[in-house]
Structure formats: C-alpha cells, structure tokens
Amino acid sequence: MEKYDGYVLYDEDNCAIIPKDFNKYKTENIISINDKMKDIISLCLRVAKSDAPVLITGDSGVGKELLTELIHNNSNRKEESFIKINCASIVDGLKESEFFGYEAGSFTGASRFGKKGIIEQSQKGTLFLDEIGEMSLNLQSALLRVIQDGKFLRVGGYKEIKSDIRIICATNRDIKDLVEQGLFRNDLYFRLNVIPAFIPPLSERRDDIPILSLYYTDYFNKKYNTTKKLSRNVIEALIDKEWTGNVRELKNKIERLILITINGIITIEDLRYVESINQKEGSVYYVNQDIDYFETNRPLKEIMDEFEYNILTKAVKEHGSIRKAAKALSVNPSTISRKLKK
48 MEKYDGYVLY
58 DEDNCAIIPK
68 DFNKYKTENI
78 ISINDKMKDI
88 ISLCLRVAKS
98 DAPVLITGDS
108 GVGKELLTEL
118 IHNNSNRKEE
128 SFIKINCASI
138 VDGLKESEFF
148 GYEAGSFTGA
158 SRFGKKGIIE
168 QSQKGTLFLD
178 EIGEMSLNLQ
188 SALLRVIQDG
198 KFLRVGGYKE
208 IKSDIRIICA
218 TNRDIKDLVE
228 QGLFRNDLYF
238 RLNVIPAFIP
248 PLSERRDDIP
258 ILSLYYTDYF
268 NKKYNTTKKL
278 SRNVIEALID
288 KEWTGNVREL
298 KNKIERLILI
308 TINGIITIED
318 LRYVESINQK
328 EGSVYYVNQD
338 IDYFETNRPL
348 KEIMDEFEYN
358 ILTKAVKEHG
368 SIRKAAKALS
378 VNPSTISRKL
388 KK
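For reference, each letter of the sequence shown is one residue, going 48 to 389 in this note's numbering.
Heads up, a few of these hints could be off.
For each label pair, taking beta carbons as the anchor points, the in silico distance ranges come out as [stated by the list, open to error]: (1) F69 x T382: 35 to 45 Å; (2) T382 x K83: 39 to 49 Å; (3) N233 x N61: 48 to 58 Å; (4) E322 x E251: 19 to 29 Å; (5) E289 x G197: 43 to 53 Å; (6) P247 x N61: 28 to 38 Å.
Computed cross-link-like contacts, DSSO-like style, restricted to lysine-lysine with a CA-CA straight-line distance of at most 30 Å [unchecked claim]: (7) K269 x K298; (8) K73 x K298; (9) K83 x K142; (10) K71 x K206; (11) K300 x K71; (12) K270 x K300; (13) K298 x K71; (14) K371 x K83; (15) K73 x K371; (16) K131 x K71; (17) K348 x K300; (18) K131 x K142; (19) K386 x K361; (20) K163 x K96; (21) K85 x K71; (22) K386 x K371; (23) K348 x K371; (24) K171 x K209; (25) K298 x K85; (26) K386 x K67; (27) K131 x K96; (28) K71 x K142.
Hints in this document: simulated from the structure, not taken from any laboratory. Everything numeric in this text was worked out from a predicted model, so none of it was measured. No residue lacks a Cβ here, since even glycine has one placed at the ideal position from N, Cα and C.
Between the sequences and the hints, there should be enough to build the whole structure, so can you do that?
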C-alpha cells in the first residue's frame, strides 16, 4: 500500500516513488518545495518580461544557470538567442575582440571578413555572463559603456552599433568584497545588480533533497533503461549529509547509485559503497575489487579497511545474509556486522 511521508510517496517495499502529481513541484526544470526557492522563482518570473539586469548569486552547484534559463524562457526574448559565456574562460588579449567582434584586418590573425562578437550574437536575445566576478577590469569598463550607452564599437571599427540585449550575470563570489578589493567596478556592480537573486545552498533547503533525489532517480532510470528505487533509509541518509557541491553533487551521487548498484532497491549499503569512491587531494581513486584501482598515496590501513568493507558488502549481497556470508568466509557473523558499521 502506498503512503505519503511528508512530500515523499513510499510503496509497499518502503521505497520512494514518483507521485502522479509530481509536476506541481516543478517550475520548468527547477524542482523545489522550499519556501526560499519559491520566493526566488516567483521574483524571477515577475521580472522576466522586463529587460532589467539580474545578478544571480550562490554557491557552485545550486542551479544558477537553471534560474537564468527560467528568466529567458519567460521573457519577451524567449524566441531569440540565449548566449552563455563563462567570463573566466575568455583568453587574455582577445577579450575585447571576443566580446565586441572586430573589423577585417584589425589585428594580426584577424579574419579578412571580420567577425561578430558575443554582444552582437546576442542581439534581441539574452546574454548570460557566468562567473562575472572573474571578468577583467578592462572588460568591465567596456561592458559598462555598453550598458550605459546602449551601443558599442567593433575592435578596429568606427561605426557604432546599437545593442539590444538583456544581461543576466551569475557568480559564486561576493561582488561587494571584490569591489572593496578594487577587483570589480562599483558602478558596474550597481548596473548589474538591479534585480538581485540569491539561491541558498542545499544545506539550507534540506526539504528539497527527497524530491530532488526522486527526480534524478527517475531521470537516470530513463537514461540508463533501469527501474531502480531508493529505500527510505537512503532518502533519510541523503537528507542528513553535507552537500558542499549542492544540487550538482546530489545529482552526481544519484547517477552513481543508479549505475553501480546491482539490485532494484538501492540500500544504505549501496550508498556506503558509492561513497567509497573518494576524492583526496585532487586525485580521484576508485575502490574496487581490482587492485589496479587503488592509489597508494595514503595509509595502508585505510586502504585495507576499504578493501575489506567492499569484500564483506559483496559477500553479503551474493549470499543473501550476514550469517551465510560469514559461513562462506569462515568468520563470525558479529565480525561482519561490526566491520560494516564502521
């Protein structure tokens, strides 16, 4: 018999399943029941049809790009281009030509036909400047002129071109702090921050974790043609975890669970196994029964403990119970229980 626990529907196996009315939790591609998120979504929908600049802030992985797409898709520019630029990826020395384009022969290596820049490609549409805090001061000055004057020049050009774009920016940095350090123009900050939209981290909206987990389970089941379900214990464990990578990290973990687990019901043991895929000091090492997957730049005891845990987990799965696994491995059942609880 199916029953609800809060916003989550559980089946007779005590596994979370997608309810028929799940779409009521969605606003386009944004999934949330959290009041803070609902307020931000409502704000963005209210200002979508204006051309006012929006500055979206929040930690990495919270969904800043999804919010930008929501604004564009509900604007009067939705049928026009949506151009996304990562400000940190623009090559030094080519920044102005990338942004404003250039006339034929304006510098060494320039096309003899000239080239449209990012601003021109975004005409009548939306320009999304991601990681705006990484933009150089020179380019900030040029962008400010575009916003103030509503026109720009190609590099090497003399004819001004009228700009008709809506600018949305995003950053995971504190722009006010950058202004105080002299790394960001105060006047540009106020031009871009007409509509501020802060997305809280996942740790401040844990009520979203169950429905996000359900959504991504359904998404990856369809992608990989599986029918796996999350047990109640897994849902509860996910709620209690620290999510430094926010929604992006949760999505990644659900995908791993779908791909790696063997049985149809994803258990707490499966979650522990997936979490044995660790990242340490920037070097990823995978814990697997194959010894080639182990990195040796950490204590031997730590490696052996993880290896032992994986063997015991595999044995319990294959034999169906701790008692049968203990008999096969010639150890006491309490030993397996104790080691799996570490």
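Evaluation of the provided hints:
no.	hint	verdict
1	F69 x T382: 35 to 45 Å	holds (43 Å)
2	T382 x K83: 39 to 49 Å	holds (47 Å)
3	N233 x N61: 48 to 58 Å	holds (55 Å)
4	E322 x E251: 19 to 29 Å	holds (22 Å)
5	E289 x G197: 43 to 53 Å	holds (46 Å)
6	P247 x N61: 28 to 38 Å	holds (30 Å)
7	K269 x K298	holds (14 Å)
8	K73 x K298	holds (16 Å)
9	K83 x K142	violated (37 Å)
10	K71 x K206	violated (51 Å)
11	K300 x K71	holds (24 Å)
12	K270 x K300	holds (15 Å)
13	K298 x K71	holds (20 Å)
14	K371 x K83	violated (49 Å)
15	K73 x K371	violated (45 Å)
16	K131 x K71	holds (29 Å)
17	K348 x K300	holds (26 Å)
18	K131 x K142	holds (15 Å)
19	K386 x K361	holds (13 Å)
20	K163 x K96	holds (26 Å)
21	K85 x K71	holds (12 Å)
22	K386 x K371	holds (16 Å)
23	K348 x K371	holds (27 Å)
24	K171 x K209	holds (11 Å)
25	K298 x K85	holds (20 Å)
26	K386 x K67	violated (41 Å)
27	K131 x K96	holds (19 Å)
28	K71 x K142	violated (43 Å)
In the structure shown, a violation is registered for the earlier hints numbered 9, 10, 14, 15, 26 and 28, in ascending order.
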